[in-house]
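**Q** Residues per chain, in single letters:
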Amino acid sequence: MLGLMMTLALMMGFQDPVGEQSRAATLEEARQEKAENLQKPTRTFLEQALHDFKEKRVLERFQEGFHGLHPIVGGIRSGSGFGGGTYVETEGVRVSVQGSIKGYQKYEVRFTAPSVYSDLFFADFRATHRNFPQERFFGIGQNSRKEDETNYRLEDTNYVGRFGVKPAKHVKAGVLAGWLDTNVGSGTSRRQPSLEEVFQADNTPAMANQPNYFQMGLFFDADYRDQPGNPRSGGHYLASWTSFQDHKLSKYDFGQYDIEAQQYIPFFNKRRVIALRAKSTFTQTAAGQEVPFFMQPTLGGSEDLRGYREYRFRDRNMVVFNAEYRWEAFSGLDLALFGDAGQIAPRPGDLRFSDLQKAYGVGFRFNSAKSVFLRMDLGFSKEGQHLFVKFGHVF
Amino acid sequence: MTRQSVFLTALVLILALSPAAFAQKFHNDDPLPQDNDKAVNVTSITKHKLNDQYDFVLHSFGKPGDRTKGPAANANTIGEVPDSSWFQNRQGMVPMSVSELTTGPNTGTGPSTEQPWVIIQAKTEGVTPGFRIRDGRGDVYFIKFDPLDNPEMATAAEVISTKFFHAFGYNVPENYIAFFNRSQLRIDENAKITEEELDNLLKRVPRRRDGSYRALASKLLPGEPIGPFQYYGTRPDDPNDIFPHENHRELRGLRVFAAWLNHDDSRAINTLDMLVKEDGKRHLKHYLIDFGSTLGSGSTNAQKPRAGWEYLWEPRPVFARIFTLGLWDRQWIHTKYPQYPSIGNFEATDFEPENWKPEYPNPAFVNMTDKDAYWAAKIVMAFTERDIRAIVRTGQLSDPEAEDYLVETLIARQTKIGRTWLTRISSFDEFGWTASGELRFEHLGSFYDFVRKPEFRVSWFSFDNTTGERQSIDKFEPKHNEGYYVASISSVEGTVDVYVRTVAGVDEPQIVGVERR
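Chains as they are written, first to last, in our numbering: chain A, 1 to 395; chain B, 396 to 912.
Fair warning: there could be bad hints in the mix.
Stretch by stretch, here's where chain B covers chain A in the computed footprint (C-beta under 8 Å, at least three residues) [unchecked claim]:
1. 51-61
2. 73-83
3. 196-203
Some chain A residues near chain B, calculated using beta-carbon distances under 8 Å [unchecked claim]:
4. R31
5. K40
6. R272
7. E310
Ranges between beta-carbon positions, derived for each pair [stated by the list, open to error]:
8. E55(A) / K464(B): 30 to 38 Å
9. F220(A) / I806(B): 49 to 57 Å
10. L720(B) / L356(A): 18 to 26 Å
11. E592(B) / S233(A): 26 to 34 Å
12. E796(B) / D52(A): 47 to 55 Å
13. E796(B) / S233(A): 19 to 27 Å
14. V452(B) / S354(A): 18 to 26 Å
15. K598(B) / S233(A): 20 to 28 Å
Just so you know, these hints were derived from the structure itself, not from any lab.
Here the structure is a predicted model, which means the values were calculated and not measured.
Here a beta-carbon is modelled for each residue, glycine too, at the ideal position from N, C-alpha and C.
Construct the entire structure; sequences and hints are all you get.
**A** In structure tokens, the structure reads:
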């Protein structure tokens with residue numbers, strides 16, 4: 001070692017005056033010296049672990065799945081608890097099975113028709129069975145009480161086919177038709193009583209008997225967002241109408257109108273974004289018909305009125321407004337200040353700005369280049385605060 | 396304390412405590428034009444891959460390597476970088492012709508399209524979609540594409556920057572812009588990519604009006620890949636690798652080149668050591684690879700506005716943004732970019748050479764001194780507008796306005812680089828001799844119109860190469876006896892000492908050393 005140091009010292013521009021030597025020779029001497037003491041490159045523990053993780057393609061293999069079974073993390077339904085599942089996908093067909101720690105189950109078969117006429121038209125069919133044993137119910141109407149929280153089991157099977165056209169790159173529209181079997185039962189949560197222990201069937205439509213529906217409808221979707229997984233500019237506009245015809249009890253026919261508009265206003269090189277959303281659902285019934293409580297639009301939870309529990313409010317009509325100011329802390333994290341305001345009402349005419357339920361809060365969005373993979377929103381309202389940890393963006 | 400830091404401390408102590416033992420300043424072969432770092436035959440070397448996540452963590456949260464910011468270890472006595480397996484003096488030494496500049500490292504015309512390209516491997520490294528092909532000549536190329544929203548951007552950036560980095564003096568791959576149709580492609584049975592996957596891949600890349608695809612074809616480097624080199628330390632199994640990389644002048648000065656071309660991805664993962672054989676000996680040749688994230692390109696999208704301004708992880712701005720609710724931010728957030736999809740986000744108005752940063756700290760860049768930057772800035776300034784325009788043209792941008800913008804932006808950034816780094820220290824340079832035997836030199840700062848030429852004074856000394864002692868002399872006469880002399884050029888900018896060696900029987904004295912103080 002000392003020899004190598006001496007040699008390197010010579011390289012720095014000094015030389016033993018006695019032993020006249022060229023600089024090139026000095027450098028070669030240093031190299032010969034090193035050649036006698038070569039060592040293999042090594043890795044630290046962390047480096048080795050990360051190296052193995054990558055080289056053994058752990059993440060890719062996890063995503064690729066086992067024998068064609070791919071993993072699904074989360075994504076069942078808001079309030080279902082941590083969930084996961086698996087799916088298999090072959091040409092145009094995707095079959096998935098999901099479950100959660102609260103006992104939620106979801107099974108789905110999806111068929112997507114191959115592209116016809118250069119992607120101008122599209123068609124798909126979906127069959128979904130859901131068994132959600134702890135759905136929250138607080139009663140119907142704006143004046144429902146937090147203390148009346150109950151839970152119930154929602155079970156339904158939905159068969160829906162869609163056919164549509166994509167007249168422009170960002171626009172699609174089409175028709176849908178299908179069949180929906182519904183059922184509700186006692187909730188399984190130990191924290192809250194089951195629905196039937198608190199509420200009566202006469203003010204909770206379809207609590208005793210549940211309809212089966214023939215459904216048909218129209219939809220329109222214009223998506224101009226720059227990155228749907230984490231939009232920073234553009235907009236997303238949706239409208240749909242669906243008619244539900246009760247073929248079992250003939251008591252619960254209704255029509256449903258869904259309208260949603262999202263707009264993203266970027267500034268400062270898109271490192272700041274004002275994100276706005278207005279969303280509404282209106283239902284319409286003929287005389288003597290009702291909308292089942294479990295199909296009424298809801299408000300509350302991680303997707304709309306943060307600061308309230310999931311599905312805190314429900315009625316036949318709903319409107320909600322969300323505004324977020326999002327700013328980038330660094331490439332992997334955006335923060336957000338948000339304000340939510342929404343209302344439910346038995347009639348559209350009863351919706352008033354003065355009666356809006358309000359929530360506000362702060363959010364942390366951990367993101368990759370094009371999508372948010374983890375969201376933590378802390379919402380506050382007059383009913384307290386709620387922390388939501390979700391996979392994926394809010395809108 | 397690591398073994399390396401113990402070693403360096405001991406080295407400093409030896410140098411400090413034993414001046415008499417190391418007194419001779421210049422060797423007979425100074426200034427060394429070439430460092431023969433192929434001298435020792437590499438008999439055994441280990442392929443060593445780097446993990447990019449670890450590399451990010453290590454450099455963002457640690458400080459590997461020697462951070463004393465001492466003088467560059469491998470610069471010769473006139474401050475230049477000797478030719479080596481790392482660097483070959485090109486544009487900085489003798490101006491290259493336009494043909495040499497635009498040819499760059501290329502030895503041919505790119506992949507042959509006369510026969511089908513056989514896909515032999517799907518691309519697994521990097522972020523851009525691609526694959527590896529073998530053409531009809533049997534040559535292997537990596538094929539990469541532009542992002543959908545930015546046709547021509549990444550491929551042009553890669554080819555243009557390859558030419559620049561080659562002209563600077565670095566070893567770079569042969570990168571070509573290639574055009575092909577889907578029918579040109581065949582899949583080898585061992586390629587691990589299906590026809591459907593290939594079709595899906597091609598759906599994610601821009602397609603030209605005539606149905607063809609534009610791609611970047613990067614020719615397989617000659618030799619055996621050993622893995623990336625680090626920007627700190629030395630390879631413990633390479634006998635020829637004796638200078639800590641963070642103290643290589645050409646790796647420190649790379650920061651200036653990277654700033655000019657906005658090569659924010661200048662990190663170890665985008666380097667490659669190749670084991671090559673020359674004259675019966677094996678040695679490592681060190682390459683810079685992957686220039687897809689240069690100029691306005693971020694490889695898979697337009698370059699992020701942050702790129703070049705801030706590391707991926709910097710606690711101060713991050714927490715400042717968090718706690719001020721984003722009301723505070725740095726200047727880059729307001730920077731305006733032109734709307735050229737084939738250019739991406741590249742500008743010169745707000746560009747600050749001294750504040751430019753790569754994606755995360757690079758030890759060699761952190762160690763860059765004013766002298767390292769001066770060395771690099773001289774090379775940057777050696778490109779004329781004609782040179783720059785010719786190189787930009789190799790990017791084959793179809794929009795002439797975009798091409799003009801890129802040229803203008805490069806020139807504006809070049810000027811800022813020169814103005815920044817050629818004025819930090821005294822810029823008397825390009826030393827030589829007049830016909831009458833007078834010392835000749837140029838003042839680069841004023842030559843490029845960055846500053847007014849300062850008043851200066853030249854004082855001559857005789858110099859004892861053994862003791863380092865100087866004695867003032869009235870006049871330097873080239874026909875002096877054999878010995879050493881110093882011309883000390885003093886101005887308000889500082890002093891430049893030019894060391895001269897006279898040899899009996901040789902008319903023209905030799906400039907053996909340049910020191911800027």
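**Q** Which numbered hints turn out to be false for this structure?
**A** 2, 3, 7, 14
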